[in-house]
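Novice: Sequence:
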Amino acid sequence: NKFKNIYLSRNCYQQLKHLIEIKKIESNNKNKKGTLFFNKESPVFIEHDYLHEEEIINNLEYIFDYIENNANFIIESAYGDGKIHELDNIINDLLTQEENSCLRLARGLGLPLVSFDARLRALSKQVGINTINMDDIIINHQTKTDKNLYFFPEKKLISHRTISNLYLNDKK
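Start counting the sequence shown at 1; every next residue gets the next number (the working numbering).
None of these hints come from the bench; they were simulated from the model.
This one's a predicted model, so the numbers in the text were calculated from it and none came from an experiment.
Ideal Cβ placement from N, Cα and C applies to all residues, glycine included.
One or more of the hints may lead you astray.
Label pairs and their in silico Cβ distance ranges [stated by the list, open to error]:
| hint | residue 1 | residue 2 | range |
| --- | --- | --- | --- |
| 1 | Lys83 | Glu47 | 43 to 53 Å |
| 2 | Phe3 | Asn29 | 32 to 42 Å |
| 3 | Ile20 | Asp117 | 13 to 23 Å |
Starting from the given sequences, assemble the full structure and let the hints guide the process.
Specialist: Okay, here's the thing in structure tokens:
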């Protein structure tokens with residue numbers, strides 16, 4: 001159940017690189033007390049936490065370094081397969097540029113799309129792209145001996161994002 005190669009769109013790779021730079025710049029702003037935004041016309045304030053920012057940067061850098069130093073990761077430009085699906089125009093309006101590049105890359109290479117994002121997987125299936133849920137891969141293959149699947153904060157990401165630690169511990 002190992003992947004021989006993992007393809008990443010050049011767009012996503014560049015976006016990850018850019019995100020790390022932005023996060024570093026933001027974390028150096030010692031005057032920042034928090035972020036204010038509006039959710040459905042209600043103001044929301046998120047207090048700035050330097051330790052949390054540092055953890056995010058470390059996790060992003062770990063992912064980037066892993067991609068850079070792992071021969072199984074192949075960075076490819078995403079052109080698609082040259083065909084236009086009847087839902088492409090609708091889907092293009094629903095997805096970010098990075099999500100679109102993932103879709104085009106999977107379609108162009110004829111490979112399944114591996115993603116945490118259920119919405120992206122559902123849209124991919126609508127245009128005939130097979131998908132794999134990254135949550136399932138990590139939950140079903142969590143071993144410390146398998147270095148390809150037991151890197152960085154995936155376990156952290158899943159336990160904080162979707163599934164309780166108890167569920168992960170039960171699945172071992």
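Novice: Against this structure, judge whether each hint is valid.
Specialist: For each hint, the structure was consulted:
{"no.": "1", "hint": "Lys83 - Glu47: 43 to 53 Å", "verdict": "holds, 48 Å"}
{"no.": "2", "hint": "Phe3 - Asn29: 32 to 42 Å", "verdict": "holds, 39 Å"}
{"no.": "3", "hint": "Ile20 - Asp117: 13 to 23 Å", "verdict": "holds, 20 Å"}
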